[in-house]
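**Q** Chain by chain, the residues run as shown.
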Amino acid sequence: MSPLSNPADARLRREFVTPEGLSLPLDLAGASDRLVAFVLDGLIIAATLLALLLLGSMLGVGGAPLVILAVFVLTHFYFTIFELRWQGRTPGKRAADLRVIDRHGGRLTVAAIFVRNVTREVEVVLPIVVMLSPGSLIQDAPPLVGLAAFTWLLVLGFFPLFNRDRLRIGDLIAGTIVVHAPRSVLLPDLSERPILAPRGASAPAAANATNAAGAAGGGASVAAGAAAARAAAYPFTAEQLDVYGIYELQVLEEVLRRDRPDRAAVLTLVASKVAKKIRWEGGVADPAAFLSAFYAAQRARLEQRLLMGQRKERKSS
Amino acid sequence: MSVGLLRSTRFRKERERHWRELARIVDKVERGGVSQLTSGEVARLPGLYRQTLSALSAARAISLDRNLLDFLGSLAARGFFAVYGTRHRFFESLVGFFGTHFPRAFRRHFPHFLVAVACLVLGAWIGWSVTDSDPERYFSMIDRSMAQGRTPSSSPDELRRFLYDTDEAHRGFLPAFASFLIANNARVGMLCFTFGIALGIPVVVLLAMNGMLLGAMTQIHVAKGLGVDWWAWVSPHGVTELSAICLCGAAGLALGQATLFPGELSRRDALLARGREAGTLVGGAIGMLVVAGLIEGIVRQTVHPIDARFAIAGGTALLWSAYFLLAGRRVAPAEAAP
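So the protein sequences, as listed, match chains A and B.
Under the working numbering, the first residue of the first sequence is numbered 1, with each subsequent residue one higher.
Under the working numbering, the first residue of the second sequence is numbered 318, with each subsequent residue one higher.
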């Protein structure tokens, strides 16, 4: 998933109110994620079913009560059992970072899990069975019945796309919702990353600034010293920092964080574009240092304006 | 004084170790459940979760560090799931379910249950009278494979052989047949429930169709003077099985009611209000179907006297009535939803 906000994300974002009365932003699961999860679970069920039946026939107990019950439990309660045991997740949902939760932010109850999965019978299993053998529902069924079953499957399959909260029929009745909750790792703060002093004319200035900051702060951290050094090495003006907005800042964050083979080339390109856009006169000898400094200064500026209640989303074109 | 640091960076520095501690605990919960935690971790979890949640709203106001916001959002969500996840003490929730929630749901849906029974009886009457007037129509209601040779033209002896099955060869086969029946009936029950969303109409049809089978079968037996024997065969498991099917029908009708007459609520909220409790009925009914399957598997082979069969039927009827009337009356101190 891209860490950048895009329009689809905004439409799927919901603010939940937890029982403590605090707001928790959650992203609804998109259609593709849910399809992936469902197909994965379907494959697991099919594979287990096949293994079970093969094993049953190999041992000569194909029609044994245990086999019949196992098949029944597998086909009807696979989702229920996993969602109960794994806090609203199945193997497929786990792989796709999805999770079932209560729509109103409460505890996910057993009844809710049961109800949302009982309806799968009508939503998926029945139309597939009818499609494959229309005769099993109605004797001497005309071929039209298969087509009707297919339409049914399509309509119910696409049902989540036609409501705001991406609810399946089962979700609708059970009061549940499926959210996308990926794990996310906390990376170092870019604004305090120590930088190497840029080569060339400004090197002595940076060294001086570091010393000055160290002396003035007394007990100041190394990081603070580095930040001060960076600010001194790249003195951006307020006008230069007012060119870009939050969106560009976070794109820059992404560029700086991503470790890719052509990183040096990308940084050089971005640095030259930024320098041109903000009319930076000092030259860009070390693109990484320049961009880090610009990121820190830009973030400081935008965060300060945020505190004043001014949220600048994008660059003024 | 760390003058050179951003406000948001200082904010992060002050709290980061709490977040990392929460992340570690949540990781543990996700891997092995709450039971994996030490008592100290259990005690720390709610506080750390709340701290992280408020840190998230603060961070959204002062920080523009995308990675930090994503991390806090994801951690708060995972913390929320860990704190408010399902409790999966399987046995405990099973006792709570059958001891309290299921009989209560039944009492609240008694009118729906009566309507479902009426649909079944109506279907049975139709099945009876159609077969009575034209035996050939029997096959338009009952599949030949399902009839298993029990047709209007069967001789009384053929029918009797089926009712008092003593064939040793069938002994091993019956448990399989019973589990097939359990699975099949449970499927019909779940269908009944879900179809309720379509204004309840398919529920009525499904119940009536089941009734028609019963009515038609009854007619062919009564016509050969085996009426009493037939009921003695059906009722030991039938009392439980048909009640369960009617319960599923009642659940479907409740859903239908929510879609047809949502009252003050929106249709969506009405469905939600009905859905879970109606689902409780279906869950309980599946339990009843398992009981019915067991009774069927045992009684068919081992109990043949008509008196004994009726005694079992009466006994189950009495037990179920007592259960639905009396169970779960006491209000538990901490009333939790099922």
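Possibly wrong hints are sitting among the right ones.
[Stated by the list, open to error] Which chain B residues stay away from chain A? Per the calculated CB distances, all over 12 Å, these:
hint: 1; residue: Glu453
hint: 2; residue: Ala515
hint: 3; residue: Leu543
hint: 4; residue: Ala634
[To be verified] Part of the chain A face toward chain B, derived, beta carbon under 8 Å:
hint: 5; residue: Val17
hint: 6; residue: Glu20
hint: 7; residue: Leu22
hint: 8; residue: Gln87
hint: 9; residue: Arg99
hint: 10; residue: Thr109
hint: 11; residue: Val115
hint: 12; residue: Ile173
hint: 13; residue: Ala181
[What the hints assert, rightly or not] What follows is a set of in silico ranges between Cβ atoms, one per label pair, in the way DEER data are often shown:
hint: 14; chain 1: A; residue 1: Val155; chain 2: B; residue 2: Gly631; range: 39 to 49 Å
hint: 15; chain 1: B; residue 1: Ser583; chain 2: A; residue 2: Ala265; range: 33 to 43 Å
hint: 16; chain 1: A; residue 1: Phe162; chain 2: B; residue 2: Arg424; range: 28 to 38 Å
hint: 17; chain 1: B; residue 1: Glu333; chain 2: A; residue 2: Tyr247; range: 21 to 31 Å
hint: 18; chain 1: B; residue 1: Leu516; chain 2: A; residue 2: Gly157; range: 16 to 26 Å
hint: 19; chain 1: A; residue 1: Tyr247; chain 2: B; residue 2: Leu516; range: 17 to 27 Å
hint: 20; chain 1: A; residue 1: Leu132; chain 2: B; residue 2: Phe497; range: 18 to 28 Å
hint: 21; chain 1: B; residue 1: Gly632; chain 2: A; residue 2: Leu132; range: 41 to 51 Å
hint: 22; chain 1: A; residue 1: Ser57; chain 2: B; residue 2: Ile615; range: 48 to 58 Å
hint: 23; chain 1: B; residue 1: Glu333; chain 2: A; residue 2: Thr151; range: 34 to 44 Å
hint: 24; chain 1: A; residue 1: Ala46; chain 2: B; residue 2: Phe497; range: 30 to 40 Å
hint: 25; chain 1: B; residue 1: Arg361; chain 2: A; residue 2: Thr237; range: 15 to 25 Å
Worth flagging that the hints you see were computed from the coordinates, not collected in a lab.
Don't be surprised by glycine CBs; every beta carbon is placed ideally from N, CA and C.
**Q** Quick one: are Ser583 of chain B and Ala265 of chain A within 33 to 43 Å, going by C-beta?
**A** Violated, at about 56 Å.
**Q** According to the definition I'm using, a residue is off the interface if its beta carbon is farther than 12 Å from all beta carbons of the partner; does Ala515 of chain B meet that for chain A?
**A** violated (9 Å)
**Q** Classify the hint on Glu20 of chain A as holds or violated, based on whether any CB of chain B lies nearer than 8 Å to its CB.
**A** holds (6 Å)
**Q** Okay, Ala46 of chain A versus Phe497 of chain B on CB: inside 30 to 40 Å?
**A** Given a distance of about 21 Å, which is not inside 30 to 40 Å, the answer is violated.
**Q** With a cut-off of 8 Å, does the beta carbon of Val115 of chain A approach a beta carbon of chain B closely enough for the hint to hold?
**A** holds (3 Å)
**Q** Interface hint check: Gln87 of chain A, Cβ to nearest Cβ on chain B, cutoff 8 Å. Holds or violated?
**A** holds (4 Å)
**Q** Taking the closest pair, is the beta carbon of Glu453 of chain B still more than 12 Å from chain A?
**A** Glu453 of chain B clear of chain A: closest Cβ-Cβ about 15 Å, beyond 12 Å.
**Q** Evaluate the condition: distance from the CB of Ala634 of chain B to the nearest CB of chain A exceeds 12 Å.
**A** holds (26 Å)
**Q** Range hint 39 to 49 Å: satisfied by the CB atoms of Val155 of chain A and Gly631 of chain B?
**A** holds (47 Å)
**Q** Okay, Ser57 of chain A versus Ile615 of chain B on CB: inside 48 to 58 Å?
**A** violated (28 Å)
**Q** At a threshold of 8 Å, is the proposed contact between Leu22 of chain A and chain B supported by beta-carbon distances?
**A** Holds, because the Cβ-Cβ distance from Leu22 of chain A to chain B comes to roughly 5 Å (cut-off 8 Å).
**Q** Kindly confirm whether 41 to 51 Å is satisfied by the beta carbon distance between Gly632 of chain B and Leu132 of chain A.
**A** Given about 43 Å between the Cβ atoms, the range holds.
Violated hints, listed in ascending order, are 2, 5, 15, 19, 22, 23, 24 and 25; each of the other numbered hints is respected by the structure.
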